[in-house]
Amino acid sequence: MSSETSRARKVYIRGKEAEPGVYRAQDEVTLLRASLEGDVEAWGEIIARYKDAVFGLCLGFLRNRADAEDLTHDAFVRAYVNLRRYRLDKRFSTWLFTIASNLCRNRLRYRRYHPVISPPDQMEGGGDPGRAVAKEERIARIRETLDRLPQGYRAPLVLRYYNDLSYKEIAEVLSLQEGTVKTRIHRGKLMLKDELEKHGVTQA
Amino acid sequence: MRVDDLDRTIRETLQHEVAAESYCLEGLEDRIATEVAGRLPRRGLFDRLRGLLAPTRGARAGQLAVIGATAAVFLFVGWFIADRTSLLSPGGPGPALAAAAGADQVLFVMPAPGAHSVAVVGSFNDWEPTPLSDKNNDGIWRAQLSLPPGRYEYAFVVDGRWWGQDPLADEYVRSFGEYNSVRYVGQVGGGA
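If you read the protein sequences in the order shown, they are chains V and L. For the first sequence, the working numbering assigns the number 1 to the initial residue and increments by one for each residue that follows. For the second sequence, the working numbering assigns the number 1001 to the initial residue and increments by one for each residue that follows.
There's no promise every hint is true.
[To be verified] According to the in silico footprint, chain V covers these stretches of chain L (three or more CB under 8 angstroms from chain V): (1) 1004 to 1017; (2) 1022 to 1036.
[To be verified] Beta-carbon label-pair distances, calculated as ranges: (3) L:1142 - V:198: 55 to 65 angstroms; (4) V:137 - L:1177: 53 to 63 angstroms; (5) V:106 - L:1123: 58 to 68 angstroms.
The hints are simulated quantities; they were obtained by calculation from the structure and are not laboratory data. From the three backbone atoms N, C-alpha and C, an ideal C-beta is built for every residue, glycine too.
Working from the sequences, and respecting the hints, build out all of it.
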């Protein structure tokens, strides 16, 4: 395996000289192997592929841009440092999301004992005005409700609807039973639905 | 609102949020690359040691847990059997025999404020009520009986209602759909 790895690395180095975009064409495992050898550009390509997903996860969990940005950064550094612990029998994304999700949960725990003075509502004005009003309204409501939803319900919803994970994968990332994940997603959705209906937002 | 609509709205909301904020991810690759440049993912001796130690430690903890649990089960079973045998042993007398050997004073207490009558029935009185009294009107009814060593099932009867779970009982049993309390009196468990 080590000879294979070094061969993969050599390919990179040659490819890089020939064509800067070569990383983009590589498959994930090759990139990971190269990263293991210390090829930070390969790791950069991994980041490019997953940064939106990880950032979305963190933003969904933490509801605060600055924290999400911070933890996205930390998650990729931590994943790189611990890359050797990643086992190929799992999807890389699931492993990466587990790291990010644990970081988020630590941060939330920290926040509970060190509350922020201003409420994390800087995301309110993030929408662009060109959208239809009804849609804006719906999205704003969902957003507000997500802010208020307990973390235990919000996290599975984010992993399900933003990261498109299966129930099984969500269970793995959050160290929960699959049944619990299903229940929480169901209940979380009910809460969102109630909130929308309470405000008379029913049109899709 | 239909379910798929809700699904779609949640998805859109989350994507919308990310889209609005993801400008901060510009150049993240480069920032991290600079940070980790020259660092290799942790490897070699440290990792191998970790790998060696972690499962062993885990396995050891697991073994300890199993041994502990087994020991606990054996202790419990042993204690239980010792209890039974001492009860059944010829030296551990039935009530009639034991009367001579000396009886213990056993206090039955039942909190029942406002009750008109409280009695205790049990295997020691052939399930015929022995009344409890509340002399100082504090709602706690008491009776002191002198019982030879043995195992007794009993229950309280409060204003005609069965009250089978005495908090001071040693254990509970269920018979005829009702709970009864059980007390061990005397040298039970201590050997004859």
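Cross-check of the supplied hints:
1. Look at the region 1004 to 1017 of chain L against chain V: 13 of its residues bring a Cβ nearer than 8 angstroms to a Cβ of that chain, three or more, so the hint holds.
2. Residues of the region 1022 to 1036 of chain L lying with their CB closer than 8 angstroms to a CB of chain V number 11, which satisfies the three-residue condition for coverage.
3. Between residue 1142 (chain L) and residue 198 (chain V) the CB atoms are about 58 angstroms apart, so this pair conforms to the stated range of 55 to 65 angstroms.
4. Evaluation of the 53 to 63 angstroms hint for residue 137 (chain V) and residue 1177 (chain L) yields a pass: the beta carbon distance comes to about 60 angstroms.
5. Taken as a hint, the range 58 to 68 angstroms holds for the pair residue 106 (chain V) and residue 1123 (chain L), whose Cβ atoms sit roughly 59 angstroms apart.
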